[in-house]
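S.K.: Residue-level listing of the chains:
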Amino acid sequence: MLKSDKDTSAKSLRRGGGLEHWAERHLRYLMLAPTVLILLALTIFPSIYMFYAAVHRISPNPDLPWEFVGVGNFARLLSDPQFHVALRNTVVFTLVAVALEFLLGLGLALLLDRFIRRLSFLKTVLMIPMMLPPIAVAITWKLIYEPQFGVLNEIMFLLGLPVQAWAGDVNLAMFSIIVADVWQWTPFVFLLMLAGLASLPVEPYEAAALDGASSWRQFWDLTLPFLKPVIAIALLLRVMDALRLFDLVFILTGGGPADRTKVLSLYIYQVAYRFADPGYAAAISLFVLFVTIVLSTWFMKRMRLAE
Amino acid sequence: MVRKFCLALAAAASALAISASAWADITILVPSGSEGDGLRAAAADYAKMKNTKVETVQAPYANVFEQGANAGATKSGVFDIILMDDPWIPFFAENGHLEDLTSYFKGAGVEGPDNDFLSKSLAICRNPYNSGPYVCLPYVGNAQMFFYDAAKFKEAGVEAPKTWDDVLKAAKALTEQGGGRYFGYVFRGGQGNPVVADFMPIFWSYGADMFNADRTKVTIDTPEGAAAMKAFMALRDVSPKGVESYNANEVGTALAAGTAASSINWPNWVATFEDPSQSKMVGKISYSPIPAGTKPGSSEIGHWTMGIMAASKNKQEAFDFMMWATTAEQIKISAERGNPPVRTSVFTDQELTKQEQFRHYPVLMEAIQASTPRPRHPKWPEIENAFGIELSKAVAGTISPEEALKNSQAAVEQITGLK
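As you go down the protein sequences, you meet chains E and U in turn. Numbering follows UniProt numbering, with no gaps: position 62 of the first sequence is 62. Numbering follows UniProt numbering, with no gaps: position 343 of the second sequence is 343.
Rather than coming from a laboratory, the hints here were simulated on the basis of the structure. Note that the structure is a prediction, hence the values are computed from the model and not measured. Keep in mind that a hint or two might mislead.
As the list claims (entries may be wrong) - Simulated coverage check for chain U against chain E, where a stretch passes if three residues somewhere in it have a Cβ under 8 Å from a Cβ of chain E:
#: 1; region: 56 to 68
#: 2; region: 71 to 77
#: 3; region: 181 to 191
#: 4; region: 236 to 242
#: 5; region: 252 to 265
#: 6; region: 389 to 398
As the list claims (entries may be wrong) - Ranges between beta-carbon positions, derived for each pair:
#: 7; chain 1: U; residue 1: Gly-397; chain 2: E; residue 2: Ala-208; range: 54 to 62 Å
#: 8; chain 1: E; residue 1: Tyr-52; chain 2: U; residue 2: Asn-115; range: 26 to 34 Å
#: 9; chain 1: E; residue 1: Leu-40; chain 2: U; residue 2: Gly-258; range: 44 to 52 Å
#: 10; chain 1: U; residue 1: Gln-357; chain 2: E; residue 2: Leu-64; range: 41 to 49 Å
#: 11; chain 1: E; residue 1: Leu-40; chain 2: U; residue 2: Arg-181; range: 53 to 61 Å
#: 12; chain 1: U; residue 1: Gly-397; chain 2: E; residue 2: Pro-34; range: 55 to 63 Å
#: 13; chain 1: E; residue 1: Glu-67; chain 2: U; residue 2: Asp-100; range: 22 to 30 Å
Stated by the list, open to error - Among chain U residues calculated to face chain E with C-beta under 10 Å, some are:
#: 14; residue: Phe-91
#: 15; residue: Asn-95
#: 16; residue: His-97
#: 17; residue: Ser-245
#: 18; residue: Ala-311
#: 19; residue: Glu-329
#: 20; residue: Ala-411
#: 21; residue: Ile-415
#: 22; residue: Gly-417
#: 23; residue: Leu-418
Note that beta-carbon positions come from the ideal geometry of N, C-alpha and C, so glycine has one too.
Next comes chain E alone, as it looks inside the complex (with noise of 0.2 Å):
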């Protein structure tokens, strides 16, 4: 058979095989259509519909026709007092919260990175918090606050020191909800430590011994910078979690007392579901996105630079 022959019966042969080998050519993207069809439709679309509501003001009654405002709803954050409430508790929130977490995660994982081999086992019950549920844990800590029976009050009773109301005084009602959320989420922060610490390389130390450099000076000057890219990972992450705290305000506070603990994520809940106009709360949305991306970015360029 002549080479042009074989060729020509090579390519029949691809063409003649139909179904089977045009399914064979295009595998990869039939793998990898579902996942696309999932992201279209959990990711991609509600994103184009958020934009296309946070436009318009939406009646409640189907039969009236959305009515196109423009940024009418972003000029309404302006002058909204609500939203400037709830703006100002999540950035008290997430500042003190994170700050603490990563203080307490920090101190612990450095106290107990030397004797985590002799107790291991502690990793494990540091852990719990993180791995429960966050509904399951803001109605324990309701349980805990509660101020007639809570067992938090009672041993202020038996202490004899005077019982507060907690997570129903103004001046008390935040730094509860920040108390939780420290309880719940330093052990992730103590956890991406405890990794950072694990990864670090032994010779600067032994460097630094032989110098005589004193243990504060080595975590000065040699931990910390060694560990700014986990430090930034993990304030990221937990910056983005806190500004979307929901659970802990519904079940705790919703909001109260004085609109002391309403945050973005409730008043968004609050905006869309109790006063059904979407339109607003997609503003609001977009507002949060908008902020978390412009922190993620800031973040991440710092880290670049840091490295």
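Starting from the known structure of chain E, fit chain U onto it as the hints suggest.
M.R.: This is chain U only, laid out in the frame that chain E set:
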């Protein structure tokens, strides 16, 4: 086009989320708790009797509103019947989510519900209130009552409290004697619905109201409103610390555990107070109508009502079920299951009233007939939220009662567009 696609997708998602109900002949959305449990049991009885499939979808209180509103806005038809709290009726009716029942009554050969239903129970099922067509049928006869420990009140020198001044006198003495572990009064001070629900009866009993008679003006910041607020603040001062975060459970627990002497509460708590496994106060709590202020006292009505969703595909079947479930016979069975009735014949049924657990029926019937509905407005959830924030601030002491009234007035004016 995009909108239609979006709506279709949302409807499909809702339908998928509760796919189990898609094959039912009737699907009913009910709240968690005794009200929903009662209707679920009735639905099961009906399904057996008619050899049909009646599906109930149960959700927490706030989620019933959300799911109903979502089903209405998407015209998904996933629910045929919704068991609604009565202040939601204007929202559902005026946004086209509820079916007008007039033609169904005519089809059944009647003009409307029979006269055995309490008039106040029927009034809330018409939209506009007490004058428009029926959009639902009453099922659970909730109206607040005044709950108090008669022995403790007697100790404090008040035989049977008739006015808020009586309550305050007894509560003050009991709280002073309580040493921080026992209180004369307790209320729902939690921001939003809880604090509004416990303030409204006091508001009304001092002659105040949220709107004027023809609903053209907001009337919160008035001398009557100020008098009500003054009484409310005095009650706060004799209540437990942290009451600003209390909801029904905390109030109920305080009464059942015998750490508080009185409160405004809903009748479905009676069963808890009379249950020895849940209460230290069995047989010790007395029930009375809401005390008077400068005007006769008035309860907030909080009926659970059944309406047919406008997008339902099984409207006639849904109507037939609602008519059956609200017959005197079924309302009596519902009462035995723990739900307050809505019919005179059941309230006065001697088989029930001779039982200890139903001894509050005469008071409850009186309370329903003397009740006031929450202001009928399609934006009530938003109004309640705004009013609830200001009341919460006043209870917590972050603003003065005068400021709370002024701010509430401005907030409700803005929401409703009334000046």
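S.K.: Each hint: holds or not?
M.R.: Evaluated hints:
Check on the region 56 to 68 of chain U: 3 of its residues sit with their Cβ under 8 Å from a Cβ of chain E, so the three-residue criterion for coverage holds. With 4 residues having a Cβ less than 8 Å from any Cβ of chain E, the region 71 to 77 of chain U passes the three-residue criterion, so the hint holds. With a threshold of 8 Å between beta carbons, the proposed coverage of the region 181 to 191 of chain U by chain E holds, since 3 of its residues qualify and at least three are required. Remark: the region 236 to 242 of chain U is confirmed as covered by chain E, as 3 of its residues place a Cβ nearer than 8 Å to a Cβ of that chain, reaching the required three.
As drawn, the region 252 to 265 of chain U meets chain E at 4 residues by the rule of a beta-carbon pair under 8 Å; at three or more, the given contact holds. Requiring three or more residues with a Cβ within less than 8 Å of a Cβ of chain E, the coverage given for the region 389 to 398 of chain U holds, as 7 such residues are present. Roughly 56 Å separates the CB atoms of Gly-397 of chain U and Ala-208 of chain E, a value that falls within the hinted 54 to 62 Å. Between Tyr-52 of chain E and Asn-115 of chain U the beta carbon distance is about 51 Å. The supplied range of 26 to 34 Å is therefore violated.
Taken as a hint, the range 44 to 52 Å is violated for the pair Leu-40 of chain E and Gly-258 of chain U, whose Cβ atoms sit roughly 59 Å apart. Between Gln-357 of chain U and Leu-64 of chain E the CB atoms are about 48 Å apart, so this pair conforms to the stated range of 41 to 49 Å. Between Leu-40 of chain E and Arg-181 of chain U, the C-beta spacing of about 60 Å keeps the proposed range 53 to 61 Å intact. With their beta carbons about 57 Å apart, Gly-397 of chain U and Pro-34 of chain E fall inside the hinted range of 55 to 63 Å.
Between Glu-67 of chain E and Asp-100 of chain U the C-beta distance comes to about 26 Å, which sits within the given range of 22 to 30 Å. Of the supplied interface hints, the one on Phe-91 of chain U holds, with its beta-carbon coming within about 7 Å of a beta-carbon of chain E, less than 10 Å. Among the interface hints, the one on Asn-95 of chain U holds; its C-beta lies about 4 Å from the nearest C-beta in chain E, closer than the 10 Å criterion. A least Cβ separation of about 8 Å between His-97 of chain U and chain E falls short of the 10 Å threshold, and the interface hint therefore holds.
Residue-level restraint check for Ser-245 of chain U holds (minimum Cβ-Cβ distance to chain E is 3 Å; threshold 10 Å). The criterion of a C-beta within 10 Å of any C-beta in chain E is met by Ala-311 of chain U, whose closest approach is roughly 9 Å, and the hint holds. For Glu-329 of chain U, the suggested interface contact is broken, since its CB lies about 37 Å from the closest CB of chain E, more than 10 Å. The closest approach between the C-beta of Ala-411 of chain U and any C-beta of chain E is roughly 9 Å, which is under the 10 Å cut-off, so the hint is satisfied.
For Ile-415 of chain U, the interface hint holds, since its Cβ comes within 10 Å of a Cβ in chain E; the closest pair sits about 9 Å apart. Of the supplied interface hints, the one on Gly-417 of chain U is violated, with its beta-carbon coming no nearer than about 14 Å to a beta-carbon of chain E, more than 10 Å. Checking Leu-418 of chain U against chain E by beta carbon gives a least distance of about 17 Å; that is not within 10 Å, so the hint is violated.
In this structure, the earlier hints numbered 8, 9, 19, 22, 23 are contradicted, and the remaining ones agree with it.
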